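Engineer: So you can see what is in the structure, the chains are spelled out below.
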Amino acid sequence: MDEWKAIGAALAVGLSAIGTAWAQGKIGASAIAAILEKRELTGIMIVLVAIPETMVILGFVVAILIMYS
Amino acid sequence: MVRIRLGGPQSAINRSVKELASFGALHISNTQNDKYFADTGLKIGMMRDGIIKKLQLAESLLYETRTAQSLIRSTSASKKEKTKLAPVVEDWSNQEKLDETGKFLHEIKSNAEKRQSLIDELREVRQYIRFFEKFQPLVESVKWLKEIDVFGLFFEKKTPETEERVDEIENRLNRTTGGAYSIIYSTDELKSISCLVIYPSSMRENVRKNVFGGRTIPLHVSEKYEKESFGSTLLHLYKKEKEVKAEMRNAIKLSKAKADEINKRLSFTEKSLKNLINELKVQNYLALSKSTFWITGWLPEYELSRLKEFSRNSTQGVITLNHEKPSVEEYPSVPVQLENNAYSKPFERLLTFFPPPVFGSIDPTVLISLTFPIFFGFMLGDIGYGLIMLTIGYAVLKADQSSIVYSDISKMIFTCSISAILFGILYGEFFGKIWFNLGLPPPMFDRMHEIIFFLSIAFILGGLHILIGNVFALSLSFKGRDKKRTLKNSADITIVIFSYVAAGMVVTEYSPMIPLIFIGIALSIKLAVGGFLELLETFRLVSNLLSYSRLMAIGIASVVLADMADDLIFTSEIIWVGITASILVHLLNLVLGIFSPTIHALRLHYVEFFSQFYQQGLIRYTPFKETTKT
Chain Z
1 MDEWKAIGAA LAVGLSAIGT AWAQGKIGAS AIAAILEKRE LTGIMIVLVA
51 IPETMVILGF VVAILIMYS
Chain U
1 MVRIRLGGPQ SAINRSVKEL ASFGALHISN TQNDKYFADT GLKIGMMRDG
51 IIKKLQLAES LLYETRTAQS LIRSTSASKK EKTKLAPVVE DWSNQEKLDE
101 TGKFLHEIKS NAEKRQSLID ELREVRQYIR FFEKFQPLVE SVKWLKEIDV
151 FGLFFEKKTP ETEERVDEIE NRLNRTTGGA YSIIYSTDEL KSISCLVIYP
201 SSMRENVRKN VFGGRTIPLH VSEKYEKESF GSTLLHLYKK EKEVKAEMRN
251 AIKLSKAKAD EINKRLSFTE KSLKNLINEL KVQNYLALSK STFWITGWLP
301 EYELSRLKEF SRNSTQGVIT LNHEKPSVEE YPSVPVQLEN NAYSKPFERL
351 LTFFPPPVFG SIDPTVLISL TFPIFFGFML GDIGYGLIML TIGYAVLKAD
401 QSSIVYSDIS KMIFTCSISA ILFGILYGEF FGKIWFNLGL PPPMFDRMHE
451 IIFFLSIAFI LGGLHILIGN VFALSLSFKG RDKKRTLKNS ADITIVIFSY
501 VAAGMVVTEY SPMIPLIFIG IALSIKLAVG GFLELLETFR LVSNLLSYSR
551 LMAIGIASVV LADMADDLIF TSEIIWVGIT ASILVHLLNL VLGIFSPTIH
601 ALRLHYVEFF SQFYQQGLIR YTPFKETTKT
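So the sequences go chain by chain: Z and U. Here this note's numbering is used: position 17 in the first sequence is 17, and no number is missing along the way. Here this note's numbering is used: position 298 in the second sequence is 298, and no number is missing along the way.
Be a bit skeptical, because a hint or two may be false.
[To be verified] Pair ranges (Cβ atoms, derived):
| no. | chain 1 | residue 1 | chain 2 | residue 2 | range |
| --- | --- | --- | --- | --- | --- |
| 1 | U | Leu546 | Z | Gly43 | 51 to 59 angstroms |
| 2 | Z | Ala6 | U | Ser572 | 25 to 33 angstroms |
| 3 | Z | Ile7 | U | Ser543 | 20 to 28 angstroms |
| 4 | Z | Gly43 | U | Ser572 | 39 to 47 angstroms |
[Stated by the list, open to error] Here's a subset of chain Z near chain U, in silico, CB distances under 7 angstroms, partners left out:
| no. | residue |
| --- | --- |
| 5 | Ile44 |
| 6 | Val47 |
| 7 | Ala50 |
| 8 | Thr54 |
| 9 | Ile57 |
| 10 | Tyr68 |
[To be verified] Where chain Z lies over chain U, by a calculated footprint (3+ residues, C-beta under 8 angstroms):
| no. | stretch |
| --- | --- |
| 11 | 401 to 415 |
| 12 | 426 to 439 |
| 13 | 592 to 602 |
The set of hints was computed from the structure by calculation and includes no laboratory data. What you are looking at is a predicted structure, and each value in this text was computed from that prediction instead of being measured. For glycine and all other residues, C-beta sits at the position ideal for the given N, C-alpha and C.
Construct the entire structure; sequences and hints are all you get.
Structural biologist: Structure, rendered in structure tokens:
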């Protein structure tokens, strides 16, 4: 049973991390282009790049719930 | 903020505008946007031709001034130049001043161009010298042969194209001289191609015509340096190098001596031009009749008595003044000035990424100044990292003591680091688990071993944060007498509170029936008020609450990395390797530990918290005043 828990937790973090990486890559590239045009957008762009991290964070929380609950 | 309208005779326009600039507190807006002037028959926004031309000239001069500033080296003395300066261009009708400024800027530009051409010339001469020196001994050994011509070839970069070019020259030489030639390549060049071509001087004309075809050979010695013989060319190049160096030294000496003076004047010119441009732009905002003018704008209420005093004294009573409070319809167009206490003031910088809150709504700076450090400390929570951050904050403060930006940033760092230290004491973390190894008493709360409880605390913090946002939204809708929004916001508050009550009851094994009934009623109200879409909005509320789990996740990630760094010391066979690796991982964790909590705490405010109540305004309060800083 513990093996299945570990696999479930790994999938929760791993798959959400892939999704986050894909989204962050796209947003990051666009953010750099936007900053080149308008330097004052730097601050808000850093926050926008952090937006998809919610997925992996929630994946991490789910993994913890699987492992410890 | 109060709406201000100032009127007077047209003869007093220039003087009044100048005096308002020195008054320095009125946010001047376009009379076109003031209903008071609608249908009055006054001419609005009609910029006179002369003014347009002067504005264009001033804007281009400002651009050239900034270019000139980038060309002149700043000196320590010019950096310290902070004194308030009277405008160079004292009167906008004075064209001579603008022309004089134009000449001054042109002089700086041509001096910079001259310096650059000297640098280019020195580089070129040195390149030739390098080449000639290499082949000089060889030329010396063959120069007694009167019938020999010597020619040099130099290509700065060795590429397939340049190699092909050399091959082509060799083929042509072979055909033209019938094989009576020799090419000697330099063997110590890897990146460039240097070679000496020797052929009978009787074939000079044919070689020049057939081999090079009248074309200039890349990097062959320029005609201005070429002399009769190889040796005399080299001597001439040495002489030229000395001359250019001396000229450059003089130019640098002169520019260093004048740099302070020029920088001061440029800074002076920039400020004056900015003032002039602002003053000219104000002209476009005026409302004009045949003999009178009107200016409209906004003023903080506490400045009103000063303005009354000003209009009596400075303008010698020729200006009339009226003022009124803005109507609710005008709120979106009222400029916003944030006013906070000394503790919260630095945190206004976090709002600069956003448009300001609309006039009459809520400025969340005070709350951010409390919740931001709490979230930061909750995530980082390490005494060691907190102490390092305190040092960083001190360094930022000392970097430029006169800068308000640095001072604000350092104050925010101080607050966040103190929060990290306090949470570090609570968690019992000093660079990870070094706390345990130092034999200190066990922590009050070990977050690594009570993860679920840690997660619950994160959700409770999130719930409180969202709840405050909803209360703000409720107060705004109540103040605006918007019944639908008031009901909707009340339902949101009910849902948040009773969700937590229900969760608590489930954990303590009580039946959550009663809180669920309240949640059901709240959902029904939302459905009745805003329809199905409003009901769907509840999911956004839930996802906002879930998002606060990042407070726990970032914290755990940070502590796991710190623990791993500590383990490296004790598990490594060679102790100094372990210590070095541990320090490196701690440094990495520190960088991540500062950036991640900052970005995520910001995000929780911008996305989750602001989405509950924040109403974006359009205009920041920007008083019309003389520029005293560049």
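Engineer: Now look at each hint and say whether the structure bears it out.
Structural biologist: Hint by hint, here is what the structure shows:
Checked against the hint of 51 to 59 angstroms, the C-beta distance between U:Leu546 and Z:Gly43 comes to roughly 25 angstroms, which is inconsistent with it. Roughly 28 angstroms separates the CB atoms of Z:Ala6 and U:Ser572, a value that falls within the hinted 25 to 33 angstroms. About 26 angstroms separates the C-beta atoms of Z:Ile7 and U:Ser543, a value consistent with the hinted range of 20 to 28 angstroms. Checking the proposed 39 to 47 angstroms range against Z:Gly43 and U:Ser572 shows it holds: the Cβ atoms sit about 40 angstroms from each other.
With a cut of 7 angstroms, the hint placing Z:Ile44 at the interface with chain U holds, because the nearest CB-to-CB distance is about 5 angstroms. Against a cut-off of 7 angstroms between C-beta atoms, the interface hint on Z:Val47 holds, since the closest Cβ of chain U lies about 5 angstroms away. Restraint check, Z:Ala50 versus chain U: the minimum CB separation of about 5 angstroms is within 7 angstroms; hint holds. For Z:Thr54, the shortest C-beta to C-beta distance to chain U is roughly 6 angstroms, which falls under 7 angstroms, so the interface hint holds.
For Z:Ile57, the interface hint holds, the least distance from its beta-carbon to any beta-carbon of chain U being 4 angstroms, beneath 7 angstroms. Hint status for Z:Tyr68 relative to chain U: holds, with the closest Cβ pair at about 6 angstroms, below 7 angstroms. Given as covered by chain Z, the stretch 401 to 415 of chain U fails the check, having 0 residues with a CB less than 8 angstroms from a CB of that chain where 3 are the minimum. Counting residues of the stretch 426 to 439 of chain U whose beta-carbon sits less than 8 angstroms from any beta-carbon of chain Z gives 0, not enough to reach three: the coverage restraint is violated.
With 3 residues having a Cβ less than 8 angstroms from any Cβ of chain Z, the stretch 592 to 602 of chain U passes the three-residue criterion, so the hint holds.
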